[in-house]
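**Student:** Sequence:
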Amino acid sequence: MNRPAIVFFGVFSSVIIACGLLPQYYEIIKRKEVIGISIPFIVIDWLGAVLSFTALLFRPEFDVEAGVAYALVFVMDGIILLAAMILNPLARRRRSREAKNYATTISPVMTQMSSP
Numbered sequence: 231m232n233r234p235a236i237v238f239f240g241v242f243s244s245v246i247i248a249c250g251l252l253p254q255y256y257e258i259i260k261r262k263e264v265i266g267i268s269i270p271f272i273v274i275d276w277l278g279a280v281l282s283f284t285a286l287l288f289r290p291e292f293d294v295e296a297g298v299a300y301a302l303v304f305v306m307d308g309i310i311l312l313a314a315m316i317l318n319p320l321a322r323r324r325r326s327r328e329a330k331n332y333a334t335t336i337s338p339v340m341t342q343m344s345s346p
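Okay, so the sequence shown: first residue is 231 according to my numbering, each after it adds one.
Incorrect hints may have been included.
[Claimed, not checked] Quick list of simulated restraints, FRET-style, between CB atoms:
#1 ILE259 x SER282: 39 to 45 Å
#2 ALA285 x CYS249: 41 to 47 Å
#3 LEU311 x PHE238: 14 to 20 Å
#4 ARG323 x LEU287: 28 to 34 Å
#5 PHE238 x THR335: 56 to 62 Å
#6 GLY278 x ARG325: 29 to 35 Å
#7 ARG233 x ILE309: 50 to 56 Å
#8 SER326 x LEU287: 29 to 35 Å
#9 VAL241 x ASN318: 47 to 53 Å
#10 ASN318 x VAL237: 16 to 22 Å
#11 ALA235 x ARG324: 46 to 52 Å
No wet-lab data here; the hints were simulated from the structure.
Glycine included, C-beta positions come from ideal geometry on N, C-alpha and C.
With the hints as extra help, turn the sequences into a complete structure.
**Tutor:** Here is the structure:
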């Protein structure tokens, strides 16, 4: 068995998984809400990480590389889900407030324009 190759691909897959979610983290930080990603997909992916990690616990010997990859998916998907639960309602309220403010500032202008 070629142990260094197994370790390399185990570590490399974890790095690729992390890099794959970095653009989403950038969007979350930039927009202050979770958009552009399917929440049901993230929930299923997160549950897959939980079940896969749990399956590792029942093996005779714990596979550290797989455990790191599953734990990484668990944490990174979990952060996205937590951000969606916290930031998305705040963003909805912010947009609602901005719409009300916009309506109150436009309303007097429109009434002045419509009166002869």
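**Student:** Given the range 47 to 53 Å, decide if the beta-carbon distance of VAL241 to ASN318 lies inside it.
**Tutor:** violated (34 Å)
**Student:** Honestly, do LEU311 and PHE238 meet the 14 to 20 Å range at C-beta?
**Tutor:** violated (31 Å)
**Student:** Cβ-Cβ distance between ARG233 and ILE309: within 50 to 56 Å?
**Tutor:** Distance hint for ARG233, ILE309 is violated at roughly 32 Å.
**Student:** Could one say that the CB atoms of ALA235 and ARG324 fall in the range 46 to 52 Å?
**Tutor:** holds (50 Å)
**Student:** Is the gap between the beta carbons of PHE238 and THR335 within 56 to 62 Å?
**Tutor:** holds (60 Å)
**Student:** Holds or violated: the 28 to 34 Å window for the beta-carbon distance between ARG323 and LEU287?
**Tutor:** violated (41 Å)
**Student:** Within 16 to 22 Å or not, the Cβ separation of ASN318 and VAL237?
**Tutor:** Hint violated: Cβ distance 39 Å, outside 16 to 22 Å.
**Student:** In this structure, is the beta-carbon distance linking ALA285 and CYS249 contained in 41 to 47 Å?
**Tutor:** violated (25 Å)
**Student:** Cβ-Cβ distance between ILE259 and SER282: within 39 to 45 Å?
**Tutor:** violated (28 Å)
**Student:** Taking 29 to 35 Å as the hint, is the beta-carbon distance of SER326 and LEU287 inside that range?
**Tutor:** Distance hint for SER326, LEU287 is violated at roughly 45 Å.
**Student:** Lying within 29 to 35 Å: is that true of the beta-carbon distance GLY278 to ARG325?
**Tutor:** For GLY278 and ARG325 the Cβ distance comes to about 33 Å; the hint holds.
In terms of the numbered hints stated before, the structure departs from hints 1, 2, 3, 4, 7, 8, 9, 10, listed from lowest to highest.
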